[in-house]
Amino acid sequence: MKAKLPTQCPSCETLLSVSQLSCETCQTVVQGNYPLPVFLKLSPKEQEFILQFFLTSGSLKEMASQLGISYPTVRNQLDDMIQHIKDLNI
Amino acid sequence: MKKLLQFIKNPFEISSDKNLTITGIILFITGIILAYFFQIQLQILRVNPLVKLTITDIIIGHLIILSALTILYFILGKIINRKIRLLDILNTVLISITPLYLIFFQNINGYLYNEVYQIEEAIKSGGILNIKTSFFSVIISIIGILITIYFIYLLFVGFKTATNAKKIWQYVLFFTLLLIADFICSGLINSI
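Here the protein sequences line up with chains A and B, keeping their order. Residue 34 in this note's numbering sits at position 34 of the first sequence; the count goes up by one each step and never skips. Residue 59 in this note's numbering sits at position 59 of the second sequence; the count goes up by one each step and never skips.
One should not assume that every hint holds.
When the alpha-carbon atoms are kept at most 27 Å apart in a straight line, the in silico DSSO-like pairs for lysine-lysine are as follows [claimed, not checked]:
no., chain 1, residue 1, chain 2, residue 2
1, B, 166, A, 61
2, A, 41, B, 166
3, A, 4, A, 45
4, A, 45, B, 132
5, B, 167, A, 41
6, A, 61, B, 83
7, B, 18, B, 3
8, A, 45, A, 61
9, A, 86, B, 167
10, B, 166, A, 45
Keep in mind the hints are simulated off the structure, nothing from the lab.
Based on the provided sequences and hints, a complete structural model is requested.
Following this line, the structure appears as structure tokens:
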């Protein structure tokens with residue numbers, strides 16, 4: 001089973017940050033405090049949406065037909081996600 | 001079954017533009033034929049079974065309703081979200097008015113005509129309080145109200161899907177516009 005990267009604190013639900021990175025080959029460990037990349041700050045559903053958007057070359061019409069939903073629904077989801085990313089202060 | 005329930009709940013969320021437009025146009029034409037057959041004049045939030053109608057009167061009446069709702073909600077939609085398309089509003093109107101065509105069946109054997117005629121005569125003679133209401137007519141009225149509520153619900157979810165409206169002031173304007181559209185359409189249709 002592929003482990004899922006947790007992005008939220010299970011205790012207080014604040015976004016987690018990266019504090020340790022390690023090399024699987026030489027076991028070098030880097031410690032510090034790095035914020036999560038924007039993509040990982042999004043929910044799994046939003047990440048899936050972006051991936052689909054990319055795979056359909058940004059065609060909302062094609063996405064709508066693949067997901068079995070209407071064009072305005074896909075456009076609304078995109079608008080909501082744009083607003084969410086803006087709210088993350090990036 | 002799940003798909004059907006989803007369709008009843010919000011057809012604008014799951015159906016493609018093309019399907020909605022084709023279905024909407026077919027149902028719109030069916031609505032005109034039914035209105036002519038049952039001799040009922042549709043005026044958005046009310047119906048009039050007392051007038052004698054030609055097919056031209058009915059086509060003009062239905063086109064007035066379609067145009068008024070589409071134009072008014074498209075203008076409001078543009079204010080809320082400049083990305084909206086006219087097609088989405090047109091589909092919303094075409095599909096949402098469909099349940100109203102079921103009301104036409106209440107005039108089978110001139111039932112609705114007789115009921116409304118009796119009420120109108122009672123009003124004229126001042127005996128409205130003496131009019132007898134049968135259980136059947138209460139049921140028919142409730143069905144009519146439920147159909148109208150479903151029409152407003154479909155119009156609302158269609159508009160919400162087309163514009164991504166989420167704020168209270170947008171909802172208030174939506175319902176205000178429905179009353180304005182009803183007022184305009186009644187005026188225009190009655191002047192035909």
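Those earlier numbered hints the structure runs against, lowest number first: Hint check: 4 fails alone, others pass.
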